[in-house]
Amino acid sequence: MDIHYTEEVSNALKENRAVVALESTIITHGMPYPDNLEMARSVEAIIRDNGAVPATIAVIEGKLHVGLNDDQAEWLAQQKGTMKLSRADLAFAMVRGATGGTTVAATMMAAQAAGIAVFATGGIGGVHRGAEESFDISADLDELGRTPVTVVSAGAKAILDIPKTMEALETRGVPVIAYGQDALPAFWSRDSGFTAPLRLDTASQIAEFMQMRTQQKVFGHGGILITNPVPQSSEIPYSEMATIITVAQNEADQKNVSGKAVTPWLLSRIVEISGGKSLETNIALVKNNADLAAKIAVAFSKLK
Amino acid sequence: MDIHYTEEVSNALKENRAVVALESTIITHGMPYPDNLEMARSVEAIIRDNGAVPATIAVIEGKLHVGLNDDQAEWLAQQKGTMKLSRADLAFAMVRGATGGTTVAATMMAAQAAGIAVFATGGIGGVHRGAEESFDISADLDELGRTPVTVVSAGAKAILDIPKTMEALETRGVPVIAYGQDALPAFWSRDSGFTAPLRLDTASQIAEFMQMRTQQKVFGHGGILITNPVPQSSEIPYSEMATIITVAQNEADQKNVSGKAVTPWLLSRIVEISGGKSLETNIALVKNNADLAAKIAVAFSKLK
Amino acid sequence: MDIHYTEEVSNALKENRAVVALESTIITHGMPYPDNLEMARSVEAIIRDNGAVPATIAVIEGKLHVGLNDDQAEWLAQQKGTMKLSRADLAFAMVRGATGGTTVAATMMAAQAAGIAVFATGGIGGVHRGAEESFDISADLDELGRTPVTVVSAGAKAILDIPKTMEALETRGVPVIAYGQDALPAFWSRDSGFTAPLRLDTASQIAEFMQMRTQQKVFGHGGILITNPVPQSSEIPYSEMATIITVAQNEADQKNVSGKAVTPWLLSRIVEISGGKSLETNIALVKNNADLAAKIAVAFSKLK
Ligand SMILES: [Mn+2]
Ligand SMILES: [Mn+2]
Ligand SMILES: [Mn+2]
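Chains as they are written, first to last, in the working numbering: chain Z, 1 to 304; chain C, 1 to 304; chain A, 1 to 304.
A hint or two may mislead.
[Unchecked claim] So, partial list: chain A residues that the calculated Cβ filter (under 10 Å) puts toward chain Z:
| hint | residue |
| --- | --- |
| 1 | 1 |
| 2 | 2 |
| 3 | 8 |
| 4 | 91 |
| 5 | 92 |
| 6 | 131 |
| 7 | 139 |
| 8 | 252 |
| 9 | 255 |
Note that these hints are calculated values from the structure, not bench results. Remember, predicted model here, so these are calculated numbers, not experimental data. Each residue gets a CB set at the ideal place from its N, CA and C atoms; glycine is no exception.
Please put together the full structure from these sequences, using the hints given.
The structure is reproduced here in structure tokens:
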């Protein structure tokens, strides 16, 4: 299978050094240029500062890249009309020569293929509100159920149905671990009001858990979901976010925003309603997750 | 594992020539004798005319057949009380010496075991209307999520809940490709009113996509669903079908038809309401799918 | 992978003799001490009386045990605050040095890893009532979909939504077999009012079905669910149980019992309402399942 590595990533993998995978829909669909590029670069810097190597994953003109060099990141950050690649269409983009950002599901697939055990993102997809009628459930959940990669997130995006998402993860046998607290985080907020099923307090503990799962590969273990609360200084408390989300959703309903348009519409409307604060929180949590993911990858590389 | 091949299929597989799998519930449960036999023979002829070898799959007195000779097809077409075999009961029929037609799920399993990459059918099973209460979701969807066979269909049977079926396929990471158009077909109709997630325009493009997925087997790719619109001359437009389906369903509700009886009852009532037209359309789309499947199998055999 | 066997189990596995796995949440969460220990011992005795070896599975201070000696069983039966381990947290308990009983899902995982083909329990988890809103679906169902172990049960616990559980098993391709009757049992009752999808009448027939599935491992078969009706002398008829369950559920609703607290609350309230009869039935059905599981394991060991 044909994966294009940067020399930095390729060398790190050969030498069993710490590598952290990064998704690229945050670049292609998350923010406008040049904010997206700046964000990507500062996230990569945080990973390097921790002694790990960042491996941003994307499909560029049909080639699957694990690690982007400066020119590639710059180029990708400026593309319009790129695909948003999940399990169903990753190979499709590759054979058609398309360019796309990878979601959590597709990034997990590429990370596993490349031998990268840890992956940092903002939040995972999950069960959408109203899924009891729409059946709209992200492919990220099935991927977590089958692909043995540790995903460091700030939880499920809080516009989703969090209790249903937690149930769906339990059904699929995915461990959900709150980092350093009992409460399950909710993306922009440190505390969703729900208790996380499991808790670990250090990067080393997480690495040891990963090692135990690796040793038990006969069990066919899938992914691990780490939910890492956004730093207190950057959080928007859940009570406040709940109101903002409700307002945004009511507007979406009134304007008949539907289907795949709902999530991006809500996320952008929430930025407006919060006066830009939700975007700051989003950036802070992504950086915070990159930091923890790098620490986990370093701890894990010492155990192997 | 004990598979019974016809010499024609066995030779074609050894020589890496194009083979198309066919399901057999269309013979055992889809139509009465001798219409079912005639249909099966004309479908096989279409595949041979395209330079591929047909491999009808069925369990006959406990033996799994991949390819039926004339006597076997004739015999199977006349059996009464045969099983309708899905993943859960394929091995059960084999150990008990039973006879059964294979659904999409069981045909995919046998095709994969035999090394056949392409399979032609009418329509796949999916999420039933009312599944938000009944949880009635076909095993075909899970099978598409895990078994790497390309299924050439005219979409999901339109008595199903098409939007929910599409969501369930996305969750499971199944690429859904409309052939030669943007619209998702809806079995008897060329246009369901929904846009298909992906589109390809030639058998070669589909074969290339299959090859890319085969090369990427590390990704654990499952099946590919091709949705091939019925020829215009034979279609019943969706607006017309929607009315017919609604009438049939209201009758089913009034008569308290429930459980596993609903689908066959609806399909047969729809034939009556449409004055036989829906059966003609059904036959036309199966032939059309066999034709496309054969062209894909031939293109794929040249790439290997 | 580090599994701790008793000498009895280890020898039996080496010599390809019949072994029956047993879960341990019945010990840690099902009954108080010393009833739980007494129950565990009598179940093990029934298995030995049939010429098979019992292998109770549990995690004790981080170690995965397949088979417990007398001291370990005695110790486990007296622990408080143990974990209830499913797929998501089995490895977590192991790395953290915790102690826990294994659910159906985790017991299946350990049985497969140990090479044990048959597992006896009371009832499996399934789709909870109200799951159309809560999405509360046991990980046991996904495990049955993927892990090739035969689970001998008295059906799904009848406080669950039985029709939805049956649909979910069909979607996942799990054969559900009623033993010796057409009706699907419903834990405390011999007849749920539904017909089981499949029926077998002897332990040998079940062993032959298992062998056929084993020979067809290319199909990626998961588990088999045997539903074994509780002996008539111990059953509570379904009409009676339905009333008791409804009363208990109404009380749970009035008292706002919710989330993970519902199932244990209902089970214990049902014991009270039935004047202790439901507990007797529960014990009788577990013993009855151990007996059948042992007979299946013996028959299967002769076929290998
Ligand atoms: Mn979706
Ligand atoms: Mn069904
Ligand atoms: Mn649950």
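Against the structure, the hints:
{"no.": "1", "hint": "1", "result": "holds, 5 Å"}
{"no.": "2", "hint": "2", "result": "holds, 7 Å"}
{"no.": "3", "hint": "8", "result": "violated, 22 Å"}
{"no.": "4", "hint": "91", "result": "holds, 5 Å"}
{"no.": "5", "hint": "92", "result": "holds, 6 Å"}
{"no.": "6", "hint": "131", "result": "holds, 8 Å"}
{"no.": "7", "hint": "139", "result": "holds, 5 Å"}
{"no.": "8", "hint": "252", "result": "violated, 18 Å"}
{"no.": "9", "hint": "255", "result": "violated, 20 Å"}
Against the hints set out earlier in the document, violations occur for numbers 3, 8, 9.
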